[in-house]
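K.L.:
These are the residues of each chain, in order.
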Amino acid sequence: MKLLIKGGRIIDPESGFDRVADLLIEDGRVAQVGSSLSESGVEIFDAAGLIVAPGFIDLHVHLREPGEEYKETVASGAEAAVAGGFTSICAMPNTKPVNDNASVTRYIIDKAREARLANVYPVGAITRGSMGEELAEIAEMKEAGAIAISDDGRPVMNSQVMRHAMEYARDHNLVVVDHCQDTCLSAGGVMNEGRYSTLLGLKGMSVAAEDNHVSRDVILSEVTGARVHIAHISTGGAVEMVRRAKGRGLSVTCEVTPHHLALTDESVLGFDTNTKMNPPLRSEADRLVLIEAVRDGAIDAIATDHAPHHADEKMLEYDRAPFGVIGLETALGVVLTVLHHQSGIALTRIVEMLTIGPARAFGLPRGTLAAGAIADVTIFDADREWTVDARRFKSKSRNTPFGGWKLRGRVAATFVEGREVFRAE
Amino acid sequence: MAFNHKDLLGIRELSVEEINSILDTAESFKEVSRRSIKKVPTLRGKTIINFFFEASTRTRTSFEIAAKRLSADAINISASTSSVTKGETLIDTARNLEAMAPDAIVIRHPTPGVPHQLARLIDAAIINGGDGAHEHPTQALLDAFTIRERKGRIHGLQVAIIGDIMHSRVARSNTHLLTKMGAHLRIAGPRTLIPTQYEKIVEDSEGSLTVCDRIEDAISGSDVVMMLRIQRERMSDAFFPSLKEYSIQYGLTAKRLELAASDAIVMHPGPVNRGVEISSEVVDSAHSLVLDQVTNGVAIRMAVLFLLAGGKTEAHSD
Amino acid sequence: MEMKTKRRIMDAAGINRALSRLASQIVERNVGTNDLILIGIRRRGVPLAERIADRIEQFEGARPPLGQLDITLYRDDLSTVGPSPVVNRTDIPVDVTGRAIVLIDDVLYTGRTVRAALDQIVDFGRPSRVELAVLVDRGHRELPIQADYVGKLVQTTEIEIVKVMLADYDEDEQVIVVEKE
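Protein chains in written order, with this note's numbering: chain G, 1 to 425; chain E, 1001 to 1318; chain L, 2001 to 2181.
By construction, these hints were calculated from the structure, which means they are not laboratory data.
Glycine included, each C-beta is placed from N, C-alpha and C at the ideal position.
Treat the hints loosely; a few may be bogus.
A short list of chain G residues far from chain E (calculated; beta carbon distances all over 10 Å) [stated by the list, open to error]:
| # | residue |
| --- | --- |
| 1 | Gly67 |
| 2 | Lys96 |
| 3 | Gln160 |
| 4 | Tyr168 |
| 5 | Leu185 |
| 6 | Ser197 |
| 7 | Thr198 |
| 8 | Leu202 |
| 9 | Ala424 |
For each label pair, taking beta carbons as the anchor points, the in silico distance ranges come out as [as the list claims (entries may be wrong)]:
| # | chain 1 | residue 1 | chain 2 | residue 2 | range |
| --- | --- | --- | --- | --- | --- |
| 10 | G | Gln342 | E | Ser1015 | 32 to 38 Å |
| 11 | G | Glu222 | E | Asp1092 | 49 to 55 Å |
| 12 | E | Glu1233 | G | Tyr70 | 34 to 40 Å |
| 13 | G | Glu167 | E | Glu1216 | 40 to 46 Å |
| 14 | G | Arg128 | E | Glu1013 | 33 to 39 Å |
| 15 | E | Glu1233 | G | Asp312 | 30 to 36 Å |
| 16 | G | Leu269 | L | Glu2171 | 44 to 50 Å |
| 17 | G | Gln342 | E | Glu1013 | 26 to 32 Å |
| 18 | E | Glu1245 | G | Arg320 | 31 to 37 Å |
| 19 | E | Leu1121 | G | Tyr70 | 19 to 25 Å |
My request is simple: use the sequences and hints to build the entire structure.
P.N.:
In structure tokens form, the structure reads like this:
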């Protein structure tokens, strides 16, 4: 089984390769990259005018299975992923039950195998039930296939528990992913604390809640030597702390979501509950810091924090509606529009943030098109304009803040291990 | 200047002309309330629902009287947010209300934005009767009416707003309205109860907004002193230590009132906590317009109901 | 909307003469000014009521009390579109109970304005009698209402509009018939 992707601009930030070339895939691996490759008996994909990149990796998605299959399943989430160009997704453990033991981990992996779409990497819980008290069976989950641990959505507030989690995770070479939020400081908050929360009378969440928690994790990373990954970083202060930690040689990485790069708390003015997520949309000043941190490398990865909710759950009062928005199928369009077309950030850098950046952060054996690599490939048109229509999403949920947006940049085709899993109509 | 909105959701969206048109209309309705037969047939056959998710005798009664003086049928629905069954969405709520074919719905809700969310789903006029700590437009309008009635103007007045600004929709709506109308506002209260960047919530206006460190700085030289109600439950969230300390540090006493202009007026949206945010001596003094505010509330709400639920016209033809 | 002037019914002098005649008829029928209240219907009924009061004062040496009615709140012809109507002040300075009221308006047409005014007056009390004085009666009544005092009776078609122009509000002082173009 051979596939020849012809005439595309191949961008592989890991190897520094960036020019128009052909890509030959054989038995699920990259066989050859070069000019005017020709081979008999191969399937040809004409990529002229398109970008050919390693398959995108999303470090942060919520697949809702087991437990809330009406919002999303592993299969529907994987289908949304490949439609958005993501060949690998990391599934957060806040399912029902919580993925805090090997049987849930294996269940998710089995469901992903059945779907045969994206690679699904489960993230195990740090603590039992994500209650923040006792450690979950971390080593067993790793053996079952978990690639990181996190109590995403329920930050571990007890610093001693977090210290032990980091020490233990280090023994088992797992990255600790933290949703950084001092939940005492942010208690009751539903949006960013600032001019707009004051204007709207909605309870705010101070940037201090995130900054405080990030600084604790950086200090604990130094104390324990553990690898720490800051999920969905959203404040200028937190970015600065990560930058300093990296400068001191600590193993601290971080990710940013497309919505934090594209939107600010001003969007809450219309009380649309699809502007409600955690961490909340921040100020314009924070947004600009995030964009610069993408440009200069302080941020390692773009992750969607894809968080499906049913329309009935979102159609509530602003303070009763759940946090979270979906993002797999809009991520590429949003980041290309905001980072590349509006802010002039090079395509190579953006591809890096979607591929080898996240692969390195979690230690995943993917994210490059070097000869011999696993042939996860995403082909996209960086200039193609399209309008977001949530009704056409593959995801089971529709809770996007980008409905009706005109975006520039769209996935043309997605291949997982050389197999075509998505092609645009 | 004609008023041409489907809903009254907040003061922030209104122009100075629109505010004036409501205040002027209310003058005519104040006259109606002085007649021996305090009723006009204007909204005969119209249905007005007072949909209150929070206990509020004062505002609900004021809207009810206003509706009845306009000959509308006023129906009160009380609901507590806790009793709204889980799974009932705002769309369900909206459909249930629409099924009663109301011409206007006054809604009071503890969550900011609910009137705005419902206004997008419902054809009837939506009047915000107070949404969380966001806006309470009719209260600000009746306060402005009361100030204008007593002082003859709003432009150029010094107005102090004192107390729990953070949780106060009255403070926000008054801040928008009074600065739009050219008043100079000074805000004071415990720092814990003044929300971040409060001085930035108003857009360019003829007035001004200053947050003061001391209550005395805010009151000093003021033409209007507006006191806000302090809720007991704020103590448990560590906003301030005790009601006793609050009243000593931030309460309006006759002595503190001496700092204001000699003809200063004192206002309070009610209900008053005597001896806490305001002393009995001040409430009962000639400076206090607390009861005028209640009387004027009916006139303002008649004007708002008339403008939103009343008939429309292209011009006065005969 | 463009209007075409079709004909002039009264000039300033004509209006003056009509008002003098209305004033003397009112005094004659009411046997003086005791218990009399003149109430103008806004807008143009108000200056007309003042001018009639001026003339009554000249004849009798006593000026009857003046009131003004804004009938907006009593109208039956408000539609569901367009801007909200502007409500103006209603001011009845004395108790109407037991008094003789003369309602004054510029043009009597369908009778609906007068119906609204009557409804409003009874909300203020129980007058002993209510009469109606108009500068122009143009016919086409839709309600059983007749004027007691008429300045001028004018034949019109339904598409015509009778415009009373008074120096108080308008650039000229005259009564004309216009038609929509």
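K.L.:
If you test the structure against every hint from before, which numbers come out violated?
P.N.:
6, 7, 8, 13, 14
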